[in-house]
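> Chain residues, written in single-letter form:
There are 4 protein chains.
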Amino acid sequence: MRNIHHVQVLWPDCDPAGILFNVNYYRWMDDATFYLFEKAGLPWDELKARYGAPGVPLVSSHADFRSPAKFRDKLAIESEIAEWGNSSFKVSHVFRIGDRVAAEGWERRIWCIADPVDPAKITPAPIPDDVRKALGG
Amino acid sequence: MRNIHHVQVLWPDCDPAGILFNVNYYRWMDDATFYLFEKAGLPWDELKARYGAPGVPLVSSHADFRSPAKFRDKLAIESEIAEWGNSSFKVSHVFRIGDRVAAEGWERRIWCIADPVDPAKITPAPIPDDVRKALGG
Amino acid sequence: MRNIHHVQVLWPDCDPAGILFNVNYYRWMDDATFYLFEKAGLPWDELKARYGAPGVPLVSSHADFRSPAKFRDKLAIESEIAEWGNSSFKVSHVFRIGDRVAAEGWERRIWCIADPVDPAKITPAPIPDDVRKALGG
Amino acid sequence: MRNIHHVQVLWPDCDPAGILFNVNYYRWMDDATFYLFEKAGLPWDELKARYGAPGVPLVSSHADFRSPAKFRDKLAIESEIAEWGNSSFKVSHVFRIGDRVAAEGWERRIWCIADPVDPAKITPAPIPDDVRKALGG
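Residue numbers (numbering that gives the first Met the number 0), protein chains in the order written: chain A, 0 to 136; chain S, 0 to 136; chain C, 0 to 136; chain Z, 0 to 136.
One or more hints might be untrue.
Straight line, CA to CA, 25 Å or less: simulated BS3-like cross-link-like pairs of lysine-lysine [claimed, not checked]:
{"#": "1", "chain 1": "S", "residue 1": "K89", "chain 2": "S", "residue 2": "K38"}
{"#": "2", "chain 1": "C", "residue 1": "K47", "chain 2": "A", "residue 2": "K73"}
{"#": "3", "chain 1": "C", "residue 1": "K120", "chain 2": "S", "residue 2": "K69"}
{"#": "4", "chain 1": "S", "residue 1": "K89", "chain 2": "S", "residue 2": "K132"}
{"#": "5", "chain 1": "C", "residue 1": "K47", "chain 2": "C", "residue 2": "K132"}
{"#": "6", "chain 1": "Z", "residue 1": "K69", "chain 2": "A", "residue 2": "K47"}
{"#": "7", "chain 1": "C", "residue 1": "K38", "chain 2": "C", "residue 2": "K132"}
{"#": "8", "chain 1": "A", "residue 1": "K120", "chain 2": "Z", "residue 2": "K38"}
{"#": "9", "chain 1": "Z", "residue 1": "K69", "chain 2": "C", "residue 2": "K69"}
{"#": "10", "chain 1": "A", "residue 1": "K69", "chain 2": "Z", "residue 2": "K47"}
{"#": "11", "chain 1": "C", "residue 1": "K38", "chain 2": "A", "residue 2": "K69"}
{"#": "12", "chain 1": "S", "residue 1": "K69", "chain 2": "Z", "residue 2": "K38"}
{"#": "13", "chain 1": "A", "residue 1": "K69", "chain 2": "Z", "residue 2": "K120"}
{"#": "14", "chain 1": "Z", "residue 1": "K47", "chain 2": "S", "residue 2": "K69"}
{"#": "15", "chain 1": "S", "residue 1": "K73", "chain 2": "C", "residue 2": "K120"}
Quick list of the computed label-pair ranges, beta carbon to beta carbon [claimed, not checked]:
{"#": "16", "chain 1": "Z", "residue 1": "K73", "chain 2": "A", "residue 2": "A124", "range": "30 to 38 Å"}
{"#": "17", "chain 1": "A", "residue 1": "E37", "chain 2": "Z", "residue 2": "R65", "range": "49 to 57 Å"}
{"#": "18", "chain 1": "A", "residue 1": "R131", "chain 2": "Z", "residue 2": "A133", "range": "44 to 52 Å"}
{"#": "19", "chain 1": "S", "residue 1": "P127", "chain 2": "Z", "residue 2": "A133", "range": "48 to 56 Å"}
Listing some non-contacts, in silico: residues in chain A with all C-beta distances to chain Z over 10 Å [what the hints assert, rightly or not]:
{"#": "20", "residue": "R1"}
{"#": "21", "residue": "N2"}
{"#": "22", "residue": "H5"}
{"#": "23", "residue": "L41"}
{"#": "24", "residue": "Y50"}
{"#": "25", "residue": "E77"}
{"#": "26", "residue": "N85"}
{"#": "27", "residue": "S91"}
{"#": "28", "residue": "P115"}
{"#": "29", "residue": "A124"}
{"#": "30", "residue": "A133"}
These are calculated hints, taken from the structure and not from any lab test.
Note that this is a predicted model, so its numbers are computed, not measured.
For glycine and all other residues, C-beta sits at the position ideal for the given N, C-alpha and C.
I would like the entire structure built from these sequences, with the hints used as guidance.
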């Protein structure tokens, strides 16, 4: 179970050095995780009704920038769940331009549920079996 | 009643032509209106409790780009309410680098209140007198 | 000659009110104009070599926000050149979610050429006939 | 040698969960490094003329998100060079809201110089002594 999400590097994504500004990779990791969940039949805006989960919060993230991307480059972002914990999981992302790796990164996220009485109170919870299964775990 | 908000043009705000990308002006108009309201003693996150108003939604905006801004330029954004309607108002913004005008723009916003029963239902409402007064109207 | 560019409203595009933040429309107008030029066979990074034109700078822009867009909404952006001047032109954009109009906007841009000796010196120039024709003018 | 850069969490920085969207931390690390260099008397747009260095490219970055930041929160970002290599260095950043840590992160950057004949050709180079000294190394 993995997903490939495609983006094109556009003019305002690039900095005065003419290359893709690094922060966009983090934005696109978030987008790519969203699309991985979509493919798994787990749209983020339905997680609350189905599981009491107000999203899948990020606890840490990381990226290594291998080679520059330029205006009009087309990136394929390959995403999958690389590690499963009890309530946390790691999503890995590889950004490719053709065969060349432009960047690699990962996000650690936690499964959590909102208190039914006070929705602002959020606590980590075991990842439901069907969520794990849908995502290939 | 007017406010001057200062921003500096940073590296990722600029595009490969080496100049400030135009969309940032719209982001900064929104920020400048927030600070105008702050100065008037009307923090946006207190409008709901005080007036039942879930923010001041934008209905249209406009900008004229006069001269380019560059990396490290310091912009002074002068903002004031330029027009008052019954439930709508226009915020004008002038962006200056020293004496030179980099851009001018405006936002039309409406005062509205959320339905107490269904908060997603929002309707325009007359601008309260003390809000108008605090903003110089 | 018109182009339809598709975008999906993602999580970070939305604000705490849960709706698409207005500034994204301006970013997407810029993207939509880029794709209109692509469709016309006029990729922006080839304009310099082919015409001595360092891009098509924006001189003003405007948007009217008709109805809110939400997380996961799919927007179709219909773009075309709505007015031709000698060296300036207006690009119109309509954002639709299904049949509903979410926003309408336009950009005024100028055709200009860089001085061959000092590339930072840019002056408006008549729009070449083949550019106009490729864009439906 | 360290710098503290201040930012305020504004409306469009927050997501529909009402909290600061994580990607902004990466943007602000880049900004904070820029201001650390400013304080050290090393403005990024003068590095080329003074050292032949076209910026200080990022090779990797990382962040741990400790506690949520909200609309109107004021963040103090404390930045310093945490590690020195021969041509690479690590910038650490701590984001605080009052005494509470909202996030911690770091960037690994390399010192490099552009080929005088072909400026697009960039190679790592030893960090000049005065640069290292100015930054507290």
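> Confirm or reject each hint.
Here is what the structure says about each hint:
Restraint check for K89 of chain S and K38 of chain S: the C-alpha separation of about 17 Å stays at or below 25 Å, so the hint holds. Our distance criterion of 25 Å between C-alpha atoms is met by K47 of chain C and K73 of chain A, whose separation comes to about 21 Å. At most 25 Å may separate the alpha-carbon atoms for a hinted pair to count; K120 of chain C and K69 of chain S meet this at roughly 15 Å. Proximity of K89 of chain S to K132 of chain S is assessed by CA-CA distance (about 15 Å); at most 25 Å being required, the pair is judged to hold.
Annotation: proposed proximity of K47 of chain C to K132 of chain C holds, straight-line Cα distance about 18 Å (limit 25 Å). A C-alpha spacing of about 21 Å is found between K69 of chain Z and K47 of chain A, which places the hinted pair at or below 25 Å, so the restraint holds. A distance of roughly 13 Å separates the Cα atoms of K38 of chain C and K132 of chain C; the hinted pair therefore holds under the 25 Å criterion. A threshold of 25 Å between alpha carbons decides the hint, and for K120 of chain A with K38 of chain Z the separation of about 41 Å lies outside it, so the pair is violated.
For the hint pairing K69 of chain Z with K69 of chain C, the CA-to-CA distance comes to about 21 Å; that is within 25 Å, so the pair holds. For the hint linking K69 of chain A to K47 of chain Z, the alpha-carbon distance of about 21 Å falls within 25 Å, and the restraint holds. The suggested pairing of K38 of chain C with K69 of chain A holds, with an alpha-carbon distance near 20 Å, which does not exceed 25 Å. A distance of roughly 20 Å separates the Cα atoms of K69 of chain S and K38 of chain Z; the hinted pair therefore holds under the 25 Å criterion.
At roughly 15 Å between alpha-carbon atoms, K69 of chain A and K120 of chain Z fall within 25 Å of each other, so this suggested pair holds. Between K47 of chain Z and K69 of chain S the CA atoms are separated by roughly 16 Å; this keeps the pair inside 25 Å, and the hint holds. With a CA separation close to 22 Å, the supplied pair K73 of chain S and K120 of chain C stays within the 25 Å bound. As the Cβ distance of K73 of chain Z to A124 of chain A is approximately 32 Å, the hint placing it in 30 to 38 Å holds.
The given range of 49 to 57 Å is broken by E37 of chain A and R65 of chain Z, whose C-beta atoms sit roughly 29 Å from each other. Checked against the given bound of 44 to 52 Å, the beta carbons of R131 of chain A and A133 of chain Z, roughly 51 Å apart, stay inside it. A hinted range of 48 to 56 Å for the beta carbons of P127 of chain S and A133 of chain Z is consistent with their spacing of about 54 Å. Its beta-carbon lying about 22 Å from the closest one in chain Z, R1 of chain A satisfies the requirement of being farther than 10 Å from that chain.
Every CB of chain Z is more than 10 Å from the CB of N2 of chain A (nearest about 20 Å), matching its label as outside the interface. With a closest Cβ-Cβ approach of about 19 Å to chain Z, H5 of chain A is found to remain outside the 10 Å limit, as its non-interface label requires. The non-interface label for L41 of chain A is consistent with chain Z: the shortest C-beta to C-beta separation is roughly 17 Å, beyond 10 Å. No Cβ of chain Z comes within 10 Å of the Cβ of Y50 of chain A; the nearest lies about 16 Å off, and the non-interface call holds.
Listed as a non-interface residue, E77 of chain A keeps its Cβ farther than 10 Å from every Cβ of chain Z; the least gap is roughly 19 Å. The Cβ of N85 of chain A sits about 19 Å from the closest Cβ of chain Z, beyond the 10 Å cut-off, so the non-interface label holds. Its beta-carbon lying about 15 Å from the closest one in chain Z, S91 of chain A satisfies the requirement of being farther than 10 Å from that chain. No Cβ of chain Z approaches the Cβ of P115 of chain A within 10 Å, the least distance being about 17 Å, so the stated non-interface status holds.
At roughly 17 Å, the least C-beta separation between A124 of chain A and chain Z is larger than 10 Å, which holds for a residue marked as non-interface. Separation of A133 of chain A from chain Z is adequate, the least Cβ-Cβ distance of about 22 Å exceeding the 10 Å criterion.
Hint compliance for this structure: hints 8 and 17 are broken, all remaining hints hold.
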